[in-house]
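Residue numbers (numbering that gives the first Met the number 0), protein chains in the order written: chain C, 0 to 135; chain F, 0 to 135; chain X, 0 to 135; chain S, 0 to 135; chain W, 0 to 135; chain R, 0 to 135.
Among the hints, a few may not be true.
Chain copies aren't distinguished; within one or between two, either way the pair holds.
As the list claims (entries may be wrong) - Cross-link-like lysine-lysine pairs, in silico, DSSO-like; alpha carbons within 30 Å at most:
hint : residue 1 : residue 2
1    : K67       : K115
2    : K111      : K91
3    : K91       : K135
4    : K67       : K27
5    : K64       : K115
6    : K115      : K1
7    : K27       : K64
8    : K91       : K1
Don't read these hints as lab results, they were simulated from the structure.
Number of protein chains: 6
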Amino acid sequence: MKVTVNRRITFNAAHRLNNPAWDEETNKRIFGLCNNPNYHGHNYVLIVKVTGDIDRETGYVIDLKILKDIVDQSVTDRFDHRNLNLDVTEFKNLNPTAENIAVVVWNILREKLDSKFDLSIVLYETERNFVEFSGK
Amino acid sequence: MKVTVNRRITFNAAHRLNNPAWDEETNKRIFGLCNNPNYHGHNYVLIVKVTGDIDRETGYVIDLKILKDIVDQSVTDRFDHRNLNLDVTEFKNLNPTAENIAVVVWNILREKLDSKFDLSIVLYETERNFVEFSGK
Amino acid sequence: MKVTVNRRITFNAAHRLNNPAWDEETNKRIFGLCNNPNYHGHNYVLIVKVTGDIDRETGYVIDLKILKDIVDQSVTDRFDHRNLNLDVTEFKNLNPTAENIAVVVWNILREKLDSKFDLSIVLYETERNFVEFSGK
Amino acid sequence: MKVTVNRRITFNAAHRLNNPAWDEETNKRIFGLCNNPNYHGHNYVLIVKVTGDIDRETGYVIDLKILKDIVDQSVTDRFDHRNLNLDVTEFKNLNPTAENIAVVVWNILREKLDSKFDLSIVLYETERNFVEFSGK
Amino acid sequence: MKVTVNRRITFNAAHRLNNPAWDEETNKRIFGLCNNPNYHGHNYVLIVKVTGDIDRETGYVIDLKILKDIVDQSVTDRFDHRNLNLDVTEFKNLNPTAENIAVVVWNILREKLDSKFDLSIVLYETERNFVEFSGK
Amino acid sequence: MKVTVNRRITFNAAHRLNNPAWDEETNKRIFGLCNNPNYHGHNYVLIVKVTGDIDRETGYVIDLKILKDIVDQSVTDRFDHRNLNLDVTEFKNLNPTAENIAVVVWNILREKLDSKFDLSIVLYETERNFVEFSGK
Numbered sequence: 000m001k002v003t004v005n006r007r008i009t010f011n012a013a014h015r016l017n018n019p020a021w022d023e024e025t026n027k028r029i030f031g032l033c034n035n036p037n038y039h040g041h042n043y044v045l046i047v048k049v050t051g052d053i054d055r056e057t058g059y060v061i062d063l064k065i066l067k068d069i070v071d072q073s074v075t076d077r078f079d080h081r082n083l084n085l086d087v088t089e090f091k092n093l094n095p096t097a098e099n100i101a102v103v104v105w106n107i108l109r110e111k112l113d114s115k116f117d118l119s120i121v122l123y124e125t126e127r128n129f130v131e132f133s134g135k
Numbered sequence: 000m001k002v003t004v005n006r007r008i009t010f011n012a013a014h015r016l017n018n019p020a021w022d023e024e025t026n027k028r029i030f031g032l033c034n035n036p037n038y039h040g041h042n043y044v045l046i047v048k049v050t051g052d053i054d055r056e057t058g059y060v061i062d063l064k065i066l067k068d069i070v071d072q073s074v075t076d077r078f079d080h081r082n083l084n085l086d087v088t089e090f091k092n093l094n095p096t097a098e099n100i101a102v103v104v105w106n107i108l109r110e111k112l113d114s115k116f117d118l119s120i121v122l123y124e125t126e127r128n129f130v131e132f133s134g135k
Numbered sequence: 000m001k002v003t004v005n006r007r008i009t010f011n012a013a014h015r016l017n018n019p020a021w022d023e024e025t026n027k028r029i030f031g032l033c034n035n036p037n038y039h040g041h042n043y044v045l046i047v048k049v050t051g052d053i054d055r056e057t058g059y060v061i062d063l064k065i066l067k068d069i070v071d072q073s074v075t076d077r078f079d080h081r082n083l084n085l086d087v088t089e090f091k092n093l094n095p096t097a098e099n100i101a102v103v104v105w106n107i108l109r110e111k112l113d114s115k116f117d118l119s120i121v122l123y124e125t126e127r128n129f130v131e132f133s134g135k
Numbered sequence: 000m001k002v003t004v005n006r007r008i009t010f011n012a013a014h015r016l017n018n019p020a021w022d023e024e025t026n027k028r029i030f031g032l033c034n035n036p037n038y039h040g041h042n043y044v045l046i047v048k049v050t051g052d053i054d055r056e057t058g059y060v061i062d063l064k065i066l067k068d069i070v071d072q073s074v075t076d077r078f079d080h081r082n083l084n085l086d087v088t089e090f091k092n093l094n095p096t097a098e099n100i101a102v103v104v105w106n107i108l109r110e111k112l113d114s115k116f117d118l119s120i121v122l123y124e125t126e127r128n129f130v131e132f133s134g135k
Numbered sequence: 000m001k002v003t004v005n006r007r008i009t010f011n012a013a014h015r016l017n018n019p020a021w022d023e024e025t026n027k028r029i030f031g032l033c034n035n036p037n038y039h040g041h042n043y044v045l046i047v048k049v050t051g052d053i054d055r056e057t058g059y060v061i062d063l064k065i066l067k068d069i070v071d072q073s074v075t076d077r078f079d080h081r082n083l084n085l086d087v088t089e090f091k092n093l094n095p096t097a098e099n100i101a102v103v104v105w106n107i108l109r110e111k112l113d114s115k116f117d118l119s120i121v122l123y124e125t126e127r128n129f130v131e132f133s134g135k
Numbered sequence: 000m001k002v003t004v005n006r007r008i009t010f011n012a013a014h015r016l017n018n019p020a021w022d023e024e025t026n027k028r029i030f031g032l033c034n035n036p037n038y039h040g041h042n043y044v045l046i047v048k049v050t051g052d053i054d055r056e057t058g059y060v061i062d063l064k065i066l067k068d069i070v071d072q073s074v075t076d077r078f079d080h081r082n083l084n085l086d087v088t089e090f091k092n093l094n095p096t097a098e099n100i101a102v103v104v105w106n107i108l109r110e111k112l113d114s115k116f117d118l119s120i121v122l123y124e125t126e127r128n129f130v131e132f133s134g135k
C-alpha cells in the first residue's frame, strides 16, 4: 500500500540556453530569446514526489521536515538566487533546459534519499511550461 | 480506452498529530507544532480521480453530479468543519496525517463506487504539502 | 530515460450537452443546465504532455515552440472562440463533454506528433472538473 | 472602522460581442473572434466586495451565507449556464463586454444590499482579463 | 510618489465562532457549522501591504526581510499551528471571525511598523472568503 | 462612472540588486542573495490597470488588444528574456528592485496611454512579493 507525498519548493535563478558546439547563429535560431548572452531568469517551482509505505508509528511516509532539509541542502541552497550556467557545477557542461535541470535534481535527490522510496520530480519553468522525470 | 475524470472538493477541518503510545516529549519532537494539544487546522483540497470507459449515450465516464453526491455524503458532510481527531470515527485510533486521511477517504469512496471504476485520491493539506493514493 | 514536457494552453468556447436520440425531458434530466439550447461556455485549460528522450544537442525532448505551433494550428485555432457544437466538425455528431473533447484533442495531436513520443492530455473544463486521457 | 468582506463566485456562460448599429465587417474588425455569431464562452469569476462596520454581536460585517444567497438568487441563478445575449434580459440591448457585465451585476446587487454597505465588483473573464467597478 | 509593497504569508490554525452571550441554539443558528464546539480550521493567507516612499539608496520601500521578521515574530509565531480561541490572548474575549482576525493583525503590525508607512491587511480564510482592513 | 480594466502579462528576466556607491560587503549585507554578481531571475507578472469611462459603441473602456500591443511594444519586448541590469537602459543607473521596476513600467506606459485614462501597475516578483504603483 504505497502513498506518494509531495513537497513544493521554489527557487529563483538565472540561466541561458546555449550549445557551445554550435555557432552563434544556430544557437539564436534554435534557442531564440533563451540564448540571450546576458541571461534571463525564472521562478522555478519544484515538486518532489516520494512514494513509500506509511510508517505505522508516525503515520508518515517520510517526515516532510526531513525531506525539506534534504532538498534545501542539496538543491535549494545551491540553485536559489544563482546563475545556473555559472554558479552550479552540474551545468558547466550541460545546457540548463528544464529537462536537464529535472534530471540533475532527480540524480542529486536520488543519492540522498533512502532506496526504499520511489522518487519523481516535477519542475515548472513558467506557468505554462513544466517537465516531469521519474528516473525511468 | 480509459478516461480519468477528476472532481476537486474542499473541506476545512481541525486536527492534531499525536501517537498515544509515545510520551509527550517524543510527540513534540516528532510532530513539532502539529502536536499542539489544542489543535490547528487546514483547508483540505481533495481531488477524486475516477477512471473508466466513456458511456456512449451520455459521453460521461461518470456523471459528476452523482460523484459529487457520493463524496458529499460520505466524506464532505462528515469531515467539513469538523475536528478530525474528535468528530470522525475513523481517526479515533488513527493519527490524522495527510497520508492516513488519504487512505481513509480512498477506502470510504472505494466502497461507494461501482467496481468497474478505478479510483485515485489526491489530498492537499497546504499549498506545499500533498499526498496521493491509488489503493495499490 | 524518458522525460515528460508539458505545455499549458487555454481556449474559450461555447458548448451544449445533448443527446439527439433522447427526448427533451430526458436530456434535461441527465444534462441539467448543461443542456441549455442557447449554449453556455468555458475557459478550457489544456495541458499537452509529451514524453520522450532528451535530445543531446538541444537538451529538449521537443522544442516547445514547435509543440505550441502544432497545438495552435490543429486545436487552438479551430476551438478558441468557437461554438464546439456548431463550429467544430468533430462534434457535429459527438456530445462535447470534457471526456469527448479530450479524446478528440488527443486524436488530433497524435496524428501530428512524431510516433517516437508518448502523448497524454489533461483538460480542465472548470477549476473543479477536469479529465485526463492517454490513448489507452 | 470599516472592513471589506469578499465573496468569490463563479458562473459559466456563453456570449458574443456585437454592435447591431454596425455592419458585419466593422463588428468583425472591432471585436475579432469575440464576434463569432455562434457564440463562445467563459468561466467568469465574480468577487463581490462589501464594506461596512463589524457587528459587535456576530463579529461579521455581513453574514457570508446571506450574501451568497443574495448573489445566487439575483446573479448566479440567472447567469450561470446561460447565453448572456439570449437568456439574460439586461443584455438584450447591451453588449455583454466584461465592463458592461460588471456594471449590470453591480446594479443588481446594489438594489438588494442594505444601503449602509459600500459595494464593489471584480469580474474575471479570463485569467488575464478582468475588470473592476465600484459605482463611482 | 508612494509605492505599496506586499508580502504574502500563511498560517494554519483552528478556530470556533461563538458568542458566549447567546444560548447554544442561537449560536448554532447564526454560526452554523462554524460553531462546532470541537473546532475546525483553515490555511489562512495573510497579505501585508506597506505603503511608503522608495529609499534612494536601497530602492526598497521597506526591506522585505525586515518586514517578514516583524510579521513572523508578532503574528506567525503566535498564530501558526495554534487554536485561535484557546492559544491567542487577543481572542480570549473576541470572536475569531476573519473580520476580527484582520483587525487584530492590523493592530499588532501597526504598533511594530514605523509610522511613516501606511498599512493594509488582506486575510483569506478560504479561497472564496477573504477580508481587507486598512485601519480606517 | 469609471470602470477599471486589467491585463495580466508575464515576462522572464534576470537581475541583480546592487548599489555601486557601496562597498561589496555592504551590498552583501543589505541585498543578501539578491546581490549575486552572476545574477538570478524571476517570472515577473505585471498587471496593468486602466481606468476610464465605458465607450458606448464598443462597451469597452479600452480595447484590450490595443492595450496589449502597447504593453508588448514598450515593455514586454524590451524586458522579456533580458537581463534588466545589462539590457534595459532604464536600469543602467537604477537598482532593479520590484519597486523601481514598477515605477519605470508605469512611466513608460503613462507616456503611451491617452491622458483620459488613469493608470496603475501591480508587479509580482514572486508569488509572495509584489508591489503596486499608481503614480501618486
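Do the hints match the structure? See the list:
1. For the identical chains of this complex, K67 and K115 are intra-copy neighbours only, at 18 Å inside a copy versus 36 Å across copies, given an alpha-carbon limit of 30 Å.
2. Only within a single protomer do K111 and K91 lie at most 30 Å apart by alpha-carbon distance; the minimum there is 22 Å, versus 36 Å between protomers.
3. Within a single copy, K91 and K135 get their C-alpha atoms as close as 24 Å, which meets the 30 Å cut-off; across copies the closest is 40 Å, which misses it.
4. Taking the shortest Cα distances, K67 and K27 sit within 30 Å of each other only across copies (18 Å), while inside one copy they are farther apart (38 Å).
5. Taking identical chains as interchangeable, the C-alpha atoms of K64 and K115 lie at most 30 Å apart only when both belong to the same chain, with a minimum of 18 Å there against 39 Å between chains.
6. Proximity of K115 and K1 under a CA criterion of 30 Å is satisfied in both settings, with 11 Å inside one chain copy and 22 Å between copies.
7. Proximity of K27 and K64 under a CA criterion of 30 Å is satisfied inter-copy only: 14 Å between copies versus 43 Å inside one chain copy.
8. Within a single copy, K91 and K1 get their C-alpha atoms only as close as 37 Å, which misses the 30 Å cut-off; across copies the closest is 23 Å, which meets it.
In terms of the numbered hints stated before, the structure departs from none.
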